[in-house]
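Asks: Sequence:
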Amino acid sequence: MAGDLSRRLVSDELWALAEPLLPAFAPRRQGGGTAPVDERAVLTAVVYVLTSGCAWRQLPPWLGVAPATAHRRFTAWTEADVWRRLHRPGARGGLAGPGESDWVAVIVRAARVRTGQAPAPADRTTRAESAPRETATKSQNYSAIPQLGHRQCP
Numbered sequence: 024m025a026g027d028l029s030r031r032l033v034s035d036e037l038w039a040l041a042e043p044l045l046p047a048f049a050p051r052r053q054g055g056g057t058a059p060v061d062e063r064a065v066l067t068a069v070v071y072v073l074t075s076g077c078a079w080r081q082l083p084p085w086l087g088v089a090p091a092t093a094h095r096r097f098t099a100w101t102e103a104d105v106w107r108r109l110h111r112p113g114a115r116g117g118l119a120g121p122g123e124s125d126w127v128a129v130i131v132r133a134a135r136v137r138t139g140q141a142p143a144p145a146d147r148t149t150r151a152e153s154a155p156r157e158t159a160t161k162s163q164n165y166s167a168i169p170q171l172g173h174r175q176c177p
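Counting from 24, one number per residue, gives the positions in the sequence shown under our numbering.
No lab work stands behind these hints, which were simulated from the structure alone. All figures in this text were calculated on a predicted structure; none of them were measured in a lab. A couple of the hints might just be wrong.
Each pair of labels, with its calculated beta carbon distance range [claimed, not checked]:
| no. | residue 1 | residue 2 | range |
| --- | --- | --- | --- |
| 1 | W38 | A78 | 23 to 33 Å |
| 2 | D27 | A128 | 28 to 38 Å |
| 3 | V136 | Q53 | 15 to 25 Å |
| 4 | T74 | R52 | 28 to 38 Å |
| 5 | L28 | R52 | 35 to 45 Å |
| 6 | Q53 | R30 | 35 to 45 Å |
| 7 | R80 | R108 | 22 to 32 Å |
| 8 | A128 | R51 | 19 to 29 Å |
| 9 | G54 | T74 | 27 to 37 Å |
| 10 | D125 | G54 | 17 to 27 Å |
| 11 | D125 | Q53 | 42 to 52 Å |
| 12 | G54 | A128 | 38 to 48 Å |
| 13 | T138 | F48 | 33 to 43 Å |
| 14 | A39 | A103 | 15 to 25 Å |
Using N, Cα and C, we set each Cβ at its ideal position, and we do this for glycine too.
Build the full structure now, drawing on both the sequences and the hints.
Replies: Written as C-alpha cells, this is what we have:
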C-alpha cells in the first residue's frame, strides 16, 4: 500500500518534471553525517505533508524519511524557487495523466501557504477565532488544538 500511495503522491510524470529542478545534494564540508536520502522519497514525504496538512513531526515512518530531513529539504527547495518553477510546466500541461496539472497546482498552492507566501484557504479560521478561551474546560482547550494550523496525520 505504501508504494501505491507514494506513486500516487509523486507520479512518474511529476517526478520527471521535478527531478531536474531540485538542487544537487551537497555533502557537509566537515564530512560525516548520514548518507543522502533518495530525492524522490523526500519529495513524496514533502508532498504528503503539504497535501495532508499534518505537522512535519507527524510524518509517517512508512515514508522512510525523517521529519527533519523532509523539512530541511522543503526549506532548501523553497529557497531555490522549486515550487514556482514546477508550476510552470505543470500548468502548461506537461503532465500526461488526467488531473496531473491540477495536482501540481495543489502541491504548489500548499507549499506557498506553508511558507506564508499565500493566504490560507478560506475554510480555515484565524488563530484568534480558534484560540481557546480562558474559561473553557481543559477538554475544550484540547479540542481546539487541531484548529491551530496542523491536522493529525492518518
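Asks: Next step is simple, just say for each hint if it's right about the structure.
Replies: Evaluated hints:
About 25 Å separates the C-beta atoms of W38 and A78, a value consistent with the hinted range of 23 to 33 Å. The supplied range of 28 to 38 Å is broken by D27 and A128, whose beta-carbon atoms lie about 23 Å from each other. Hint check: V136 to Q53, Cβ distance near 35 Å, so the stated range 15 to 25 Å is violated. For T74 and R52, the Cβ-Cβ distance of about 35 Å falls inside the hinted range of 28 to 38 Å, so the restraint holds.
Restraint check, L28 to R52: a C-beta distance of roughly 37 Å satisfies the suggested window 35 to 45 Å. Roughly 37 Å separates the CB atoms of Q53 and R30, a value that falls within the hinted 35 to 45 Å. A beta carbon spacing of about 28 Å between R80 and R108 agrees with the range 22 to 32 Å that was offered as a hint. In this structure, A128 and R51 break the distance hint of 19 to 29 Å, their C-beta atoms being roughly 35 Å apart.
The given range of 27 to 37 Å is respected by G54 and T74, whose C-beta atoms sit roughly 36 Å from each other. Roughly 43 Å separates the CB atoms of D125 and G54, a value that falls outside the hinted 17 to 27 Å. Between D125 and Q53 the beta carbons are some 44 Å apart, a value that agrees with the proposed interval 42 to 52 Å. For G54 and A128, the Cβ-Cβ distance of about 41 Å falls inside the hinted range of 38 to 48 Å, so the restraint holds.
Our hint of 33 to 43 Å for T138 and F48 is violated, since their Cβ atoms are close to 22 Å apart. About 18 Å separates the C-beta atoms of A39 and A103, a value consistent with the hinted range of 15 to 25 Å.
Taken one by one, the earlier hints fail for this structure at numbers 2, 3, 8, 10 and 13, listed in ascending order.
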